[in-house]
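Based on the sequences and whatever the hints tell you, model everything.
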Amino acid sequence: MVRPTSKTTTVTMILAREPLPKTTAVQLFKSLFLARRSEEYIVKHYPENQMRTPMHMSMGQEFVPVGVCAALDGKADVFASYRSHAAFLAQTHDTDRFFSELYGRTSGTGEGKGGSMHLAAPDQGHMLSSGVVATQIPVAVGAAFANLRLGTGRTSVAFFGDGAADAGVFWESLNSAALFRLPVMFVCEDNGYAVDTPREARQASRSLGEAVRPFGADTYEDDSGDVESVYSLAKEAAAKAHCDRRPAFLNIKCCRYLEHVGIGTDWNWGYRDQATVERDWISRDALKMQRARLASHQMSESAIAAMEEEIDKAIRASVQRAMEAPIPAPDRLHAGVFHEKA
Amino acid sequence: MVRPTSKTTTVTMILAREPLPKTTAVQLFKSLFLARRSEEYIVKHYPENQMRTPMHMSMGQEFVPVGVCAALDGKADVFASYRSHAAFLAQTHDTDRFFSELYGRTSGTGEGKGGSMHLAAPDQGHMLSSGVVATQIPVAVGAAFANLRLGTGRTSVAFFGDGAADAGVFWESLNSAALFRLPVMFVCEDNGYAVDTPREARQASRSLGEAVRPFGADTYEDDSGDVESVYSLAKEAAAKAHCDRRPAFLNIKCCRYLEHVGIGTDWNWGYRDQATVERDWISRDALKMQRARLASHQMSESAIAAMEEEIDKAIRASVQRAMEAPIPAPDRLHAGVFHEKA
Amino acid sequence: MQVCFMRKLDYSGAIREAMSQEMERDPRVFVYGIGVPTWSKIFNTTRGLVEKFGKERCFDTPISEDAMTGFGLGAAIRGLRPIHVHIRVDFMILATNQLLNMVSNYTYSTGGKLKVPLVVRAVIGRGWGQGAQHSKSLFSNFTHIPGLKVIAPTTPSDMKGMLTAAIRDDNPVICFEHRWLYWAEEDVPEEPYEIPLGVGRILRPGKDVTIVGLSWMNVEARLAADILQKRGVSVEIIDPRTLAPLDENLIIESVKRTGRCIIADCDWVDSGFSAELSARINEKCFGRLKAPVKRIGFAHTPCPTVRELENEFYPNAKTIVHAVEDMLGLEAANLDGEDFFSHERRFRGPF
Amino acid sequence: MQVCFMRKLDYSGAIREAMSQEMERDPRVFVYGIGVPTWSKIFNTTRGLVEKFGKERCFDTPISEDAMTGFGLGAAIRGLRPIHVHIRVDFMILATNQLLNMVSNYTYSTGGKLKVPLVVRAVIGRGWGQGAQHSKSLFSNFTHIPGLKVIAPTTPSDMKGMLTAAIRDDNPVICFEHRWLYWAEEDVPEEPYEIPLGVGRILRPGKDVTIVGLSWMNVEARLAADILQKRGVSVEIIDPRTLAPLDENLIIESVKRTGRCIIADCDWVDSGFSAELSARINEKCFGRLKAPVKRIGFAHTPCPTVRELENEFYPNAKTIVHAVEDMLGLEAANLDGEDFFSHERRFRGPF
Ligand SMILES: Cc1ncc(C[n+]2csc(CCOP(=O)(O)OP(=O)(O)O)c2C)c(N)n1
Ligand SMILES: Cc1ncc(C[n+]2csc(CCOP(=O)(O)OP(=O)(O)O)c2C)c(N)n1
Ligand SMILES: [Mg+2]
Ligand SMILES: [Mg+2]
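Residue numbers (my numbering), protein chains in the order written: chain A, 1 to 342; chain B, 1 to 342; chain C, 1 to 351; chain D, 1 to 351.
Don't take every hint at face value.
[Stated by the list, open to error] Listed below are the simulated DSS-like cross-link pairs for lysine-lysine, each with C-alpha atoms no more than 27 Å apart in a straight line: (1) K284/C to K207/D; (2) K290/C to K256/D; (3) K30/A to K235/A; (4) K52/C to K8/C; (5) K55/C to K240/B; (6) K230/D to K256/D; (7) K256/C to K284/D; (8) K75/A to K230/D; (9) K41/D to K8/D; (10) K235/B to K253/B; (11) K284/C to K256/D.
Read the hints as simulated data drawn from the structure, not as lab findings.
Written out as structure tokens, the structure reads:
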């Protein structure tokens, strides 16, 4: 269910309600599945202590980057936070480099130097993820400026958590983007918590969108938990952003299934109630919903399963390749501090 | 003319329209005159190069701090920017320490170490003014917290320019004050420019108040240029802030008569039009208006002139004392880096 | 006769106890910061405080380090005694403007009128492959600034006494805490006590070479010293404890005695605090040195994530042993049989 | 045969010319920052640029240094070559988070994939009684950070060549400009040229003592050298020009020759860049020094406003002369007849 808060109200609602074509539905499902299954492999292998990097899992939230990145059809420059597994995979589908980086291998996105919090595939539009809250946001604004100046047609997207909106630089970035008339997509993966501190304990505003709007962005809200809804919203928002040369702010409610960092759950922490989370979110899990939709598109269970198996196989192969890939030699420590002229 | 933007609409308007009692009118006039005349002495003496500190003149804007400080009746903790001559004098009326600091004398507010941008009389509620845009704002929030905790009954007031609202820390401070339920007064001396860059070239929002409101502050706007209007507004805002334990944001339109820094005018810079400024602002100068009001309170011209002469004399004496006061001895350089236990 | 009750306490317990006792003693003291009352309790250092002192004196904040530092300053000059906690110094970087432009000169610019009893705690140290944004120390970025006191205690008992002193100090104190030290345990007096800031400590007396250790590197230095002792090398370890103001004499006297000095820092070497130490030692021990002062620290690269490069990035006891060997012209020993510290024995992710 | 056209140009002109020529040569270069196209034109260094290149390539910004630094980073990694200007380094402090946590490690953390051709210009230097918030230099806070290049050219021709090189560099370069140098004039080639970063310069050859000068202090060093020459003391002045990466050899070779070294910095001494220089010189010239390396810099206090204390705070040629006298065991000369630099001859407020 979409609650649009900007002037694009009607269009957005119609778009969101129109069923997407089957090919898109399948594409979204695959991308969701890729992110989910990849993280399931992380959960499985992390205890082996070969991926020695902090894991901020996307699980539960994948539909946000999956919907947005699909809507931008590869023509996005993605700036994400440390919680960027899903954003990386949604944008690049590159499980090889992804797992290689988590395993700290030369074949990784940063030859093992970046780790989980610093994924980068600039050639595929995933810029460096960042581990300091909100730091990636102004960078997205600058990239939008470059993209506009150079006429690349790419859309700059900043993914961040609701916690980033606590930070002054978020508001500075928003203001600058509006002022410079840059079509930046500010996408808040609003899981309601910064670690275990709820938004109400950090932000006095009634709603984030309400606070953002006067800064000169079009604001959109979505609490559907539905990847197709996010997809449609993002398409609409991007089109409007480019057309009006105005930033868009998308506040997408979502739920982090696992603990803040790590592969476990955190029901015992006491800050949220398992039953409520299960009822409100896990029961209508985006991946599950999308899988159900495929059935309504007349896809047989076996066809879906085959698709899943294919993706699973690819991921397994990536994990295997990563585990077998070479570890950077000690002398790589000093390489790449500065960019060397080719 | 007051354009209230918060829920306090009616009360404010009524208050603003009720004429203030004569004693208050006189008090406000005196305070305005003190600030204006003091700066006139600065203009006169600055070329002698004995006040060797950058001068960010309040001239034209004095009615803002004068109104606010009078409304708080001495029970304010004032956090001001480098443009704080008027705020300092409105709060302390202490021309002795003021001029001594400008002249760099041991008898100054910081024994000459602070200068024009760093005036401080904490014993009188003028905390240290600050030269880095917006830095004083969060400090006011912390002081409000302390005042509340310690039950001092004092009101924390941050004075800042419209430029400070470009800075992320302003929004962080606003959010924190609302979140922690602190009755901070955020007073924007909105002269429309940061140096010669107009607000429209720095902020994308239509109005600052509109952007501030969703953060959880009551917002007030005033473009009357009238010290009594500001006084009433501040009284109202402070009462509501304390009663509701909510921050208040006052956006007071004003005009800087002189150049950004220095004692000259800047009509030749080309960023604003002298005739327009004279028509819109100088013609309805707050000091002049208030003087006229005294007449309507049945004060004779000679009584007013006598009052002025008395203040003038006091200022002249302060200037004289400052010029004759001792310059800090070289060994004072190393004193006071740390606070020494008494 | 003064009876002093001791019991084993770890470093995080020492921090907790210092804060708790000071909060009891002085109602103006409060502690705040992201995650302080919730979550990890900042490596257990804030455990129990919110239960004991309530939300008014132990609270969480928005992710607004800049404003929250100004907030601390404002509370400090208006009568409270805040302790602001950053779970990593890398996040304290967002407070740089307030710390450098405001906190450090509030007292000076008011001609000494305002006091700023503000403590800022910042965690440093290696974690679980944390990479470039969660690995800095930045001691020198703050020791460079007049008006800030900087401490980095190593032992639990030093920590308790120095943090107590810091809380009672009327000036801003930045306290660096290496996360691996949280596990360190020793006998710590139960009652509150102060260890004055600005006084260093000889952690281990020796005569052949002085190692000036910073924070965690003192632990590595002790390991190194044990190994070297077996080969007849007597190492003196000096922990400055307070970096600013520095107890210069203690160090100078030691180096004059031994004639040799190695500075073991857990920070980058270039323009690091080790540079300041080296400059001073060279100046004051001129003509008394038997070998050039040697500095040990991080490799001059951003911190990589992958363990194998991380191991190259971080110095440890081995680095120190080899530096001493080099300095004394000894052959490099085979260290295979030695038991070095590995954090992997203590924890395995995720952070 | 290469003909090289020269004409007198001042330091601000050199900056302007370097930027203008690079903007002409490469449409990806742009310059931005608070007041860049308006107002003072940043001490005239941006004069004419907006007229010539338009608002898209020369523009003003909100007072949002933090976001505007991230903005430059984003533009840089996406194909442009930004020059971000801060009219004071004290305001660049608001950019610390982006510079230390982001800009410095974007290349490294991507395994060298991303380049960051970003120049950040920051003005330093004494003004008109500006006090604690408008007087810092903070060289070492940035030379401490791997992944940042740091330059501080002294002469107009060095400035033009090095700024050109910085703009063409694919890495982040912070350029410190002392405001008193804007008045310096000399013959500067008209055509664009590069002076490679990381190469120091002997500003004046000599044999008795080496002065390593930073930025403005080279001017003071020259004054001091002239005075000392009259007394038969031959001073060598080395300007590192680039602080990171440092041309260490040039300095080491000089000090080995003279056996004496004074480092003249316009920054605080404690944990300043002078500490790094001293540490390296002491290490590499071990046994070759005839006297301890001496560091000169700001007094270790926040900067006061009043002129008389300011004069105590800032070192100048006199400080250097006396340091050399001390070092050589000469009697302190009476310097009354000497002509020292005074900014009051050049300007009188208001800033
Ligand atoms: C500037 C900064 N302060 C503190 C932290 C520590 N920290 C890491 S993640 C996090 C919570 C962020 O919450 P949110 O932005 O909502 O993202 P989420 O983790 O929910 O995806 C915090 C406080 C940090 N990384 N950066
Ligand atoms: C963080 C920071 N950036 C830049 C400056 C330089 N500067 C000094 S005053 C000023 C303009 C501020 O405008 P405003 O806040 O509206 O105050 P006004 O001068 O109009 O009273 C600027 C940009 C500064 N002091 N601090
Ligand atoms: Mg969140
Ligand atoms: Mg203004």
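Comparing the hints with the structure gives:
1. Between the alpha carbons of K284/C and K207/D the distance comes to roughly 25 Å, so the proposed pair stays at or under 27 Å and holds.
2. For the hint linking K290/C to K256/D, the alpha-carbon distance of about 18 Å falls within 27 Å, and the restraint holds.
3. For the given pair, K30/A sits about 19 Å from K235/A by alpha-carbon distance, which is consistent with the 27 Å threshold.
4. Between K52/C and K8/C the CA atoms are separated by roughly 22 Å; this keeps the pair inside 27 Å, and the hint holds.
5. Under the criterion of a C-alpha separation no larger than 27 Å, the hint pairing K55/C with K240/B is consistent with the structure, at around 25 Å.
6. With a C-alpha separation of about 24 Å, the suggested pairing of K230/D with K256/D holds against the 27 Å cut-off.
7. Among the hinted pairs, K256/C with K284/D is consistent with the structure: their alpha-carbon atoms are about 20 Å apart, no more than 27 Å.
8. Distance check on the hinted pair: K75/A and K230/D sit about 69 Å apart at the alpha-carbon level, beyond 27 Å; violated.
9. The hinted pair formed by K41/D and K8/D meets the criterion: a straight-line CA distance of about 21 Å does not exceed 27 Å.
10. Restraint check for K235/B and K253/B: satisfied, since their Cα atoms lie roughly 18 Å apart, inside the 27 Å limit.
11. Restraint check for K284/C and K256/D: the C-alpha separation of about 20 Å stays at or below 27 Å, so the hint holds.
Hint violations for this structure: number 8 only, all remaining hints satisfied.
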